[in-house]
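S.K.: With the hints as constraints, model all of the structure from the sequences given.
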Amino acid sequence: MVILAAALAKVEGNADYAKKYWDILTIWTNYLVEYGQDPSNQLCTDDFAGHWAHNANLSVKAIMGIAGYSEIARMLGFNDVADEYATIAKKMAVKWEEMANEGDHYRLAFDREDTWSQKYNMIWDKMWGLNLFPNNVIDKEINYYLTKQNPYGLPLDSRKDYTKSDWIMWTAAMSSDQITFEKFVDPLYKYVNETISRVPISDWYDTKTNQMTGFKARSVIGGHWMKVLMGKMK
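Take 1 as the starting number for the sequence shown in full-length UniProt numbering and just add one per residue.
These are computed hints drawn from the structure, not numbers from a lab.
Values in this document were obtained by computation on a predicted structure and should not be read as measured data.
You may find that some hints are simply not true.
[To be verified] Distance condition first, Cα-Cα at most 25 Å in a straight line; then the derived DSS-like pairs of lysine-lysine:
| # | residue 1 | residue 2 |
| --- | --- | --- |
| 1 | Lys-160 | Lys-216 |
| 2 | Lys-234 | Lys-19 |
| 3 | Lys-10 | Lys-232 |
| 4 | Lys-140 | Lys-183 |
[As the list claims (entries may be wrong)] Simulated restraints, written as ranges between beta carbons of each label pair:
| # | residue 1 | residue 2 | range |
| --- | --- | --- | --- |
| 5 | Asp-139 | Leu-4 | 45 to 51 Å |
| 6 | Glu-194 | Gly-214 | 14 to 20 Å |
| 7 | Asp-16 | Lys-148 | 39 to 45 Å |
| 8 | Leu-4 | Glu-113 | 30 to 36 Å |
| 9 | Glu-113 | Asp-16 | 45 to 51 Å |
| 10 | Gln-211 | Glu-182 | 19 to 25 Å |
| 11 | Gly-129 | Ser-40 | 27 to 33 Å |
| 12 | Lys-20 | Lys-190 | 40 to 46 Å |
| 13 | Gln-42 | Gly-13 | 30 to 36 Å |
| 14 | Lys-160 | Lys-232 | 29 to 35 Å |
| 15 | Ala-53 | Val-94 | 17 to 23 Å |
| 16 | Tyr-189 | Thr-26 | 23 to 29 Å |
| 17 | Asn-79 | Asp-177 | 32 to 38 Å |
Every residue gets a Cβ at the ideal spot worked out from N, C-alpha and C, and that includes glycine.
M.R.: In structure tokens:
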């Protein structure tokens, strides 16, 4: 919710909407500061994958929530608050890189060796130009993902062959150039064009069989246009 409030403020060029909810945004952000670095055993938005402690991508989401709060504060003229939370977010991002580092990529969970996952929540760091995550983290992840693709797309993580099409598009939008972006999009297009699942687009599908795993005709398909939003934010 904090990320969405910040994203809305960025698009509209003002933080009037967020200002109305400043108190609750502050409560939520302070929760992220306290508990977001290393999340406990809990669900995330990909709840079908089950509970997972020390979720690295969920930690990224917390860090970006704190950074988003800082951006809102800056737009409202609360510069001291903005500086304080920007510093917190940066320190957490540096620590995240150390905790998740697996050499040529970053782990699915901090305590799980030989794992990986799409860190699609880093899209906000890229879009807002904050550069919170050090040592070319995003580029390293993108290069690693290219080695993990199946015929119909990039799996969500190392646990299963299924994926989420919206998250692929968020991940693709983090690419540094159009050619790399299309390397992620082409297999997704192939899935949509060739799937034997006769339903409106399923965003949760198998990257090897091209069949739906679950879900259909959902509003999350709007996430396919993440790169368009990034273009508008430049």
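S.K.: Against which earlier hints does the structure fall short, listed by number upward?
M.R.: 5, 16
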